[in-house]
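Asks: End of the sequence shown sits at 425 in my numbering; the numbers just go up one at a time, nothing left out.
Just so you know, the hints here were simulated from the structure itself, not pulled from any lab data.
It is possible that some hints are incorrect.
In silico SDA-like pairs for lysine to any residue, Cα to Cα no more than 20 Å straight-line [stated by the list, open to error]:
#1 360 with 395
#2 139 with 423
#3 294 with 305
#4 200 with 218
#5 325 with 362
#6 424 with 317
#7 289 with 222
#8 76 with 125
#9 139 with 173
#10 385 with 140
#11 200 with 229
#12 360 with 296
#13 205 with 425
#14 289 with 246
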Amino acid sequence: MKIINYLYKTLFLLSVVLCQSSCKQEIQDIPKVKETMELQPSSENITLDEVNLTKDIVTFNWKPARAQSDDHLVSYSTMLDVVGNNFGTGTAIFNYEDDNVLSRSFTSEQLQNWANEKWGIPANKSFTLEFRVVAQWEGGATFEAPEVRTVRITVNPIKTVVFDADKVFLSGSAVGATKVEMPKTLENLDQYAYVLNLQPGELEIPVEFNGETNYVVTSDGSAELNDGNAVGIKMRENVFSWKIETAGEYRVVVNMQKATATIYSPAKALAPKIVTWTGDQPYTTTVMDLWMHGSINGWGTPIKMDCQVSLADPQVLVYTGGKVGSTKFIVTGDNSNNKNLAYAFSAPPTTEGVAQTLTLTLGKVAELGGGITRANRNSYFTIPATTNVLIFDLRNMTILGLKR
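Please model the complete structure; the sequences and the hints are all you need to start from.
Replies: This is the structure we're talking about:
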């Protein structure tokens, strides 16, 4: 009997020990890794710079993630979005950073354009952005958990004077009995422009909004025509008019965003871009349209872009379409060897005069090269996916890609 009691006690104690050992194993935590990545913005509160639009306004710097074996390869990806969007695919700005790059910068122009066109931020309203960097490893014999860091910054936008308008018109004795509606320009949806014949008399610019009519007025109250120069404007209820002295074709441009109006008389008429080049013979081309040529069309028949010439400036061409890829923009659709010799607008050659291919960044104005040298003709722009608008400013030699 004593032997049986001893065996029971022994088995009971052994089972308790085993249970305790088992419980301890089950609740053991996976050893935590020591993360080393740190993320810091150059400033937590920024004001976008209207004077230096293309200069970096904020830079996000981070320290490297923890070191791993040589078999593990680390890569960094970054994303930028407005707080509340949760880095959605339709709103976030994603980038895969190059090796050994531990920073990402943005310009005032980029942030202002994304605020207006991508994020739908109301004019003149401050907003908060989230920037996130993710370090991930590939290769190696073990799985390594990624390191993630997120910071927020407050952005104060460029202050703009935006007039509400349903319709903008041209009227007065210089126009005639019937007022003329000014359409929005494709390159800037806050800008209205029109070209028309005027007679000596009074030129008025009425603006309709919510059933009421106000008039564009010069900021200094002067009715004299400041021919070809942008003048500051404001709104008022009473009729205001410019004095038109000479009959002829006038170009009128009203920029609601900048709060300016520009009137060009026949003496200051804007001319389209004219280029000369030599193919099978010398050519002089007035640039009213462009053709894509490069890998985008397999170097075959050039693709006619059907650009629209801006009413604000005949040297501004706007392409709306979904063609993407690597291309230059030539001034002829001729499918002979002329397509390879034609004047080409493209990425500017390097400072050493060497051809290069550059990728457009959506919402960022880029320098546009143009010419007939081999370097010009062998340079290309890569149009990124989702681009559906290209704006060519041939007067200032810039190009802008947008997604609308």
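Asks: Now tell me if each hint is right for this structure.
Replies: Hints versus structure:
no., hint, result
1, 360 with 395, "13 Å, holds"
2, 139 with 423, "10 Å, holds"
3, 294 with 305, "11 Å, holds"
4, 200 with 218, "13 Å, holds"
5, 325 with 362, "17 Å, holds"
6, 424 with 317, "19 Å, holds"
7, 289 with 222, "19 Å, holds"
8, 76 with 125, "13 Å, holds"
9, 139 with 173, "18 Å, holds"
10, 385 with 140, "15 Å, holds"
11, 200 with 229, "12 Å, holds"
12, 360 with 296, "15 Å, holds"
13, 205 with 425, "15 Å, holds"
14, 289 with 246, "12 Å, holds"
The structure meets every hint from the earlier list without exception.
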